[in-house]
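What follows is the residue order along each chain.
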Amino acid sequence: MRPHPVFALVAANLRRHSRDRVGLFFIVVMPFVSIIFVGMALGGGAAASRLPVGVVAQDADPVAAAVLAELRAHPDLEITAVGDEEELRAGVRGGALAAGVVIPPGSTRLELVMTQSNGSGMAARSAVDASVGRVAGVIEATRAATSAGATPARAAELVRQAQAASADVEVVNSDTASGTPRGFAYTAPANLLLFTFINSMAVAAALVESRRIGMLPRAFTAPVRRGAVLFGEALSRFIVAAAQAVLIMVVSSLLFGVSWGEPLGVAAVVGVFALVATGAAILMGSLVRSSAQPSAIGPPLGIVLGMLGGCLWPAEAAGPTLDTIGHLFPHAWGMDALLTLSRPGTGLADVLLEVAVLGLMAAVLLSLSLVLFSRRTRTL
Amino acid sequence: MTSTLTCENLSKTYGGVVAVRDVGFTVAPGEAYGLLGPNGAGKTTTISMLVGLLKPDTGTVVVGGADLAADPMAAKAKIGYVPQEIALYPDLTGRENLRFFCRLFGLPRREVRARVEEVLDLVGLADRADAKLDTYSGGMKRRINIGAALLHRPELLILDEPTVGVDPQSRKSILDGLERLVADGMALIYTSHYMEEVERICSRVAIIDHGSIVAEGTRHELVELVGGADRIELTLDGDVETALAKLRGLGGVTEAVRTSAASVRLIAEGGRYLLPSVISTVDGIAAVTAVEVVEPDLEATFLHLTGSTLRD
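Chain order of the listed sequences is S and Z.
So the first sequence is numbered by the numbering used here: it starts at 489 and just counts up by one.
So the second sequence is numbered by the numbering used here: it starts at 17 and just counts up by one.
Be aware that a few hints might be false.
Under the rule of at most 20 Å between Cα atoms (straight-line distance), these lysine to aspartate or glutamate pairs were calculated in the EDC-like manner [as the list claims (entries may be wrong)]:
1) Z:K148 - S:E697
2) Z:K148 - Z:E133
3) Z:K94 - Z:D143
4) Z:K148 - S:D508
5) Z:K94 - Z:E237
Hints listed in this document are in silico derivations from the structure and should not be mistaken for laboratory results.
Given these sequences and hints, build the entire structure.
Structure (structure tokens):
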């Protein structure tokens with residue numbers, strides 16, 4: 489394959505895209521508008537923010553008071569007092585609360601309210617379990633000391649000493665999975681996938697235009713292999729998709745402090761997703777007749793896939809059915825992978841399944857689209 | 017002299033419908049070859065096979081000694097193709113479009129700048145080279161469309177309707193430029209709906225209909241195919257019927273018909289030279305108020321061979 493024709497096609501296509509002011513607005517400005525506004529709506533901040541947990545309890549009850557104190561002291565939880573159990577359940581169902589705890593007065597049996605298959609709920613449960621466990625430990629230790637003959641005051645003193653001694657032991661939990669990140673940490677990867685896909689679809693308009701005006705058939709009359717022309721067109725779209733992704737990563741890191749995770753893993757995920765977007769763009773460029781159609785069809789399609797994939801709101805808020813449907817499409821796999829990588833201690837090995845699925849989707853889309861595109865440009 | 021293009025027995029069938037059947041011709045260096053035919057006759061399919069866009073079912077195409085099927089890269093490097101549509105990027109400038117085609121055709125980087133300037137001068141667009149193509153007039157776009165096919169100095173230039181929608185001034189500029197290229201030794205294949213362009217540019221013409229070449233030759237040879245008789249249109253004032261009877265008996269007149277109350281049409285060999293005899297024959301019977309002698313032309317030949325006008 490001669491390098492000249494491929495580079496010529498890529499250079500011409502990129503120059504054309506660089507002159508499309510509307511297209512540039514959607515590539516350079518819109519993603520960050522979305523990241524900022526949606527990110528602020530979801531709580532802002534780059535780090536995984538605290539999980540909202542509602543509690544129905546009476547402060548006067550000693551057990552409730554102890555549990556509440558532990559829960560409030562937990563760094564991952566934001567405790568909200570809720571009036572009654574019904575209100576609590578509505579909050580969890582609606583997604584306003586990651587989980588809820590009901591502490592009946594005078595009882596040591598606590599009721600945890602959460603939705604199934606909810607990542608935030610699972611994380612909240614884990615934190616609540618830890619807090620409740622500590623209270624239970626104190627109660628048990630006090631009982632044991634009392635049973636051994638200590639006065640209540642002495643028992644309390646012994647328990648305090650034991651707690652102080654245990655505070656010297658630092659437990660480092662490398663598995664810091666604390667549910668879905670919030671704020672910019674969530675909207676940056678979501679908008680990376682959303683806009684990489686949408687803008688790839690939109691730039692397919694130039695591909696349709698090249699086909700329509702006979703530019704591609706004319707290129708095939710040059711001493712250039714057909715595959716080189718197709719490769720050049722595909723590479724042009726891939727570069728646009730990859731550039732969109734890199735731009736969002738760099739700017740969100742610098743401005744919003746978003747931590748994307750292990751570079752190799754992120755590069756693999758973003759690379760295969762850009763290939764998926766490239767395949768979708770060429771498929772669009774092969775199927776439609778008018779250069780206005782990609783701009784009309786691409787964004788709504790990208791938004792719907794983004795909704796299903798958890799790019800507009802956390803997938804856990806959509807429920808298991810939509811989550812399953814979402815995983816028929818690339819965005820959900822991309823979100824899973826990028827959110828996993830955003831957690832400390834994760835890497836490429838943790839997202840191999842997602843990368844493999846995205847790679848398969850990319851291979852199918854690229855093969856299908858290039859065959860179709862080649863057929864569409866075969867005749868004058 | 018060795019031909020720049022030799023094509024033999026080209027055939028192409030689409031789903032049982034024969035688009036082109038056994039088409040073959042040669043074009044020599046410095047020769048302009050016209051390809052005429054009504055819409056759907058098979059011109060575009062033939063051209064698509066000549067430029068390598070379509071693979072023929074049968075037949076061969078050899079350009080500058082390179083077989084298009086066996087060595088497509090070498091053969092394509094010798095062809096410049098000007099499609100009917102403006103196949104250029106509208107959002108790039110004229111210069112950028114030409115640079116793109118230089119790279120597509122593999123011109124060495126150091127030659128690109130000079131060659132682009134040469135071609136811009138050749139097509140008369142050096143002063144608009146840095147304007148975006150979508151700001152060009154129709155004629156300017158046509159000129160740059162041709163220029164893009166000349167960058168790699170092809171031995172054979174194939175033009176498919178290169179002057180469609182062009183104003184007379186631009187058309188003249190394009191035709192003048194093509195004549196210079198032919199004079200410089202470039203072989204040229206030209207299709208057009210404008211018969212006068214083909215008559216002006218092409219030394220040989222093939223008339224293609226229903227996928228086959230129905231006639232081929234110089235303009236003179238083609239006209240001879242339908243006979244060399246001229247048509248004389250007369251408008252008379254007087255006794256038209258008597259005048260018509262007299263004219264039928266005039267030597268050299270093969271046919272005389274009344275076409276309206278005051279008009280008569282004569283078919284005669286060497287009509288221009290017969291005109292004085294025609295006028296003296298009707299003298300005293302009717303006054304000749306208007307006369308037109310129409311020589312046989314390619315249009316008439318085309319009509320005769322294909323049964324349609326070129327714009328059908």
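Now the hints, each set against the structure:
no.: 1; hint: Z:K148 - S:E697; verdict: holds, 16 Å
no.: 2; hint: Z:K148 - Z:E133; verdict: holds, 16 Å
no.: 3; hint: Z:K94 - Z:D143; verdict: violated, 29 Å
no.: 4; hint: Z:K148 - S:D508; verdict: holds, 13 Å
no.: 5; hint: Z:K94 - Z:E237; verdict: violated, 30 Å
Hint check: violations occur at hints 3, 5; the rest are consistent with the structure.
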